[in-house]
Amino acid sequence: MAVLKVKFTKNKRDKLAQVLWIVNWISVVTGIILFSLGLFLKVEISKQQEIMPDRQLHMVPNMLIAVGLIACTINFLGGKICHDCVDIAKYLRWKLLMLPYIICTFFFTFCILVGALMCYGMRGELEESLLSGLRDAMRYYKDTDTPGRCFLKRTVDLLQIQFQCCGNNDFRDWFHIQWISNRYLDMSSKEVVHRLRSNVEGKYLVDSVPFSCCNPSSPRPCIQHQVTNSSAHFNYDYATEEPNLWRRGCRQALLEYFTQIMQSIGLTVIITWLFELSVLTGVRYLQTAMENVLRNGNPDSESDGWLLENSFVEMARSNFKIIKNLGKCNQIDISGSDDPNIDVPSSSFAHYGPGNLPTKQIPVYS
Amino acid sequence: MALLKIKFTFQSRVRLAQGLWLLSWLAVIAATLTFSMGVFLKAELHKRSEVMDNTEIHAVPNTLIVVGLASLGINFFAGRICQDALDTTRFPRWKSFLQPYFILSLFFTLLMLVAVIMSYAMKGNLEESLKIGLKNGIRFYKDTDIPGRCFQKETIDRLQMDFRCCGNNNYKDWFEVQWISNRFLDFTSKEVKDRIKSNVDGRYLIDGVPFSCCNPESPRPCIQHQLTNNSAHYNYEYQTEELNLFNRGCREALVSYYMGIMNSIGAGVLSVFILQMSVLVSVRYLQTATEALVGQENTEIETEGYLLEKEVKETIKEKMDTILKFLPINQVDAAAGQGSAEVGEKPATPAS
Chain A
9 MAVLKVKFTK
19 NKRDKLAQVL
29 WIVNWISVVT
39 GIILFSLGLF
49 LKVEISKQQE
59 IMPDRQLHMV
69 PNMLIAVGLI
79 ACTINFLGGK
89 ICHDCVDIAK
99 YLRWKLLMLP
109 YIICTFFFTF
119 CILVGALMCY
129 GMRGELEESL
139 LSGLRDAMRY
149 YKDTDTPGRC
159 FLKRTVDLLQ
169 IQFQCCGNND
179 FRDWFHIQWI
189 SNRYLDMSSK
199 EVVHRLRSNV
209 EGKYLVDSVP
219 FSCCNPSSPR
229 PCIQHQVTNS
239 SAHFNYDYAT
249 EEPNLWRRGC
259 RQALLEYFTQ
269 IMQSIGLTVI
279 ITWLFELSVL
289 TGVRYLQTAM
299 ENVLRNGNPD
309 SESDGWLLEN
319 SFVEMARSNF
329 KIIKNLGKCN
339 QIDISGSDDP
349 NIDVPSSSFA
359 HYGPGNLPTK
369 QIPVYS
Chain B
283 MALLKIKFTF
293 QSRVRLAQGL
303 WLLSWLAVIA
313 ATLTFSMGVF
323 LKAELHKRSE
333 VMDNTEIHAV
343 PNTLIVVGLA
353 SLGINFFAGR
363 ICQDALDTTR
373 FPRWKSFLQP
383 YFILSLFFTL
393 LMLVAVIMSY
403 AMKGNLEESL
413 KIGLKNGIRF
423 YKDTDIPGRC
433 FQKETIDRLQ
443 MDFRCCGNNN
453 YKDWFEVQWI
463 SNRFLDFTSK
473 EVKDRIKSNV
483 DGRYLIDGVP
493 FSCCNPESPR
503 PCIQHQLTNN
513 SAHYNYEYQT
523 EELNLFNRGC
533 REALVSYYMG
543 IMNSIGAGVL
553 SVFILQMSVL
563 VSVRYLQTAT
573 EALVGQENTE
583 IETEGYLLEK
593 EVKETIKEKM
603 DTILKFLPIN
613 QVDAAAGQGS
623 AEVGEKPATP
633 AS
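Residue numbers (my numbering), protein chains in the order written: chain A, 9 to 374; chain B, 283 to 634.
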């Protein structure tokens with residue numbers, strides 16, 4: 009009782025082999041695309057590594073690169089096998105390899121699905137990493153004289169200019185941290201001393217933002233100092249003013265950017281998974297059809313192809329028995345098992361008397 | 283006395299045809315590259331066309347595009363000719379086609395060389411165009427409410443940020459222009475009134491620059507106002523401060539960017555030119571070598587191939603004569619011809 013049995017004529021077998029050859033090559037191309045997408049994602053994450061210091065984020069692009077390479081090799085091999093399946097003589101070369109190949113492809117297909125799910129699940133990790141990374145980067149913005157942090161100012165400025173964003177959630181984040189270093193503050197000035205005193209931690213907080221928050225599309229020259237003070241600037245109302253600064257927060261901007269990349273990668277992975285699944289099914293049918301051809305003896309005859317020889321339950325049962333009996337190779341199991349893998353010595357079926365004839369009658373010439 | 287005569291055996295003719303076929307396909311790829319380089323350069327020039335005063339520099343990419351397309355045709359036909367050259371029945375088809383083909387091909391190949399020379403020669407033109415364009419851009423920076431000029435602010439800001447430059451020659455250009463619109467100036471303020479009065483044209487000039495001149499590499503927060511006033515900022519000396527603003531002028535930045543592109547394109551086009559010339563020379567040799575076979579029974583004999591049937595001077599004289607015949611100087615020519623014929627006859631008669 010085979011699962012999904014299909015009859016294959018010689019013609020159909022050849023056509024199946026050809027179609028599988030083409031599909032395998034398409035899958036090689038998708039494998040290459042996946043590999044390059046993984047590489048691209050790795051580069052993009054590395055570019056922002058100063059604001060996204062999480063090591064775990066590199067797992068997803070590494071996995072994509074590995075999946076892409078494995079897909080290429082598996083499908084390249086598959087293409088070769090399918091190409092050779094048209095000719096019985098060449099098929100015999102691959103006969104022993106085909107079943108392990110199918111099992112490997114099955115597990116690999118499963119891995120691809122896991123990969124696709126990881127892509128979509130990466131968003132949460134990304135958000136967390138960005139939250140802490142950006143917060144620290146802004147905090148150390150002023151520390152251009154501290155080794156190890158001296159590039160953070162440039163990184164944050166270029167980030168805000170490139171992604172058209174300001175601050176973590178929005179531009180008000182800059183009001184809560186001291187982003188002007190003490191080296192550039194005139195400590196003898198009354199105003200500076202007053203500000204420092206009015207703050208619990210002695211930080212110099214201003215309602216100003218760095219220049220990289222300025223929006224070039226604004227019709228007026230950038231207002232970056234005393235942003236909340238409507239009277240400090242002529243014809244300026246903080247509450248109703250059109251965006252002079254970037255309104256978006258950098259966390260949201262980066263998240264959107266990476267989510268877009270991940271979505272397109274996820275789509276490619278799903279397409280690759282579908283191709284792999286079809287390759288798997290096709291190769292399984294081809295393998296069983298070719299084996300049945302060999303069993304029949306005639307290379308041009310019709311043969312059956314199936315996914316599983318017996319039903320799924322029976323297959324699971326027989327495999328389970330094999331595994332169970334692997335450990336009992338020295339014992340004789342006389343419980344009447346008819347599994348061909350178990351060697352049952354004939355002494356357990358002794359007594360060829362008239363009452364215990366073997367089932368097959370030997371013709372007697374009288 | 284032919285120009286650059288070479289003897290061709292049957293084998294070398296065959297090899298020439300095969301080599302030419304390969305060469306023509308390489309040249310097709312090269313022609314596509316030339317075309318795409320022209321398109322790329324045009325796109326780059328178009329991106330910043332708002333700060334350029336005129337579009338004369340576009341002649342360079344336009345020429346490259348035309349030459350690229352023409353080369354595709356030339357090399358396609360070269361491939362077809364060499365395929366037919368070894369078959370004497372099909373080759374005579376091309377006879378009347380080849381003369382105009384060579385003239386056109388030579389013209390377009392020389393045009394390639396002209397394009398390369400132009401790309402170097404038009405540097406001055408580009409610089410002038412940028413000078414005027416940038417000057418206008420800076421002048422109309424504040425006019426974000428006047429239609430036709432409202433985009434200048436955004437253009438100049440993005441240009442300065444992308445190319446890391448400030449002003450036309452340097453940042454001091456911003457001191458000579460009023461870049462803050464009157465809409466945002468408080469005319470009741472004493473400071474504003476003083477500044478405007480102190481200026482002959484009544485403009486509000488300050489020693490400040492827009493935010494797009496700020497250099498992100500600077501270790502301190504950007505100082506964009508009161509740049510020349512050392513006492514306005516703590517621990518600041520404008521004479522020694524180098525990283526605060528971009529030091530380069532935008533004209534210099536743009537010119538070096540475009541000249542960089544045009545230099546690399548020029549090198550590429552020169553190699554395409556050499557390839558194209560070799561294709562044309564091979565086609566000419568193949569043509570002359572195969573034409574000598576016409577009418578012969580044995581197609582495997584040795585023939586001679588040449589570039590020109592006669593010497594360069596004689597060929598030019600011949601061509602000039604044919605051209606002059608069409609002009610209304612006929613009568614003078616006829617009379618001169620008669621005279622020379624008589625002169626020619628006189629020495630002949632004593633000999634006979």
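No lab work stands behind these hints, which were simulated from the structure alone. Backbone N, C-alpha and C fix where the C-beta goes; we use that ideal spot for every residue, glycine too. Hints are supplied without guarantee of correctness; some may be wrong.
A partial selection of chain A residues facing chain B, derived with a Cβ cut-off under 7 Å [stated by the list, open to error]: (1) Asn-190; (2) Ser-225; (3) Pro-227; (4) Asp-245.
**Evaluation of the interface hint that places A:Asp-245 against chain B, nearest CB under 7 Å** = Where the cut-off is 7 Å and the nearest Cβ of chain B is about 13 Å from A:Asp-245, the hint is violated.
**Message:** Under 7 Å is the threshold here; is the Cβ of A:Ser-225 close enough to any Cβ of chain B for the hint to stand?
**Reply:** With a closest approach of 5 Å, the A:Ser-225 hint holds.
**When the least beta-carbon distance from A:Asn-190 to chain B is tested against 7 Å, hint result** = violated, 10 Å
**Asked** Regarding the hint that A:Pro-227 lies at the interface with chain B, is the smallest CB-CB distance below 7 Å?
**Response** holds, 4 Å
Hints 1, 4 from the list above are not met by this structure, while the remaining hints are.
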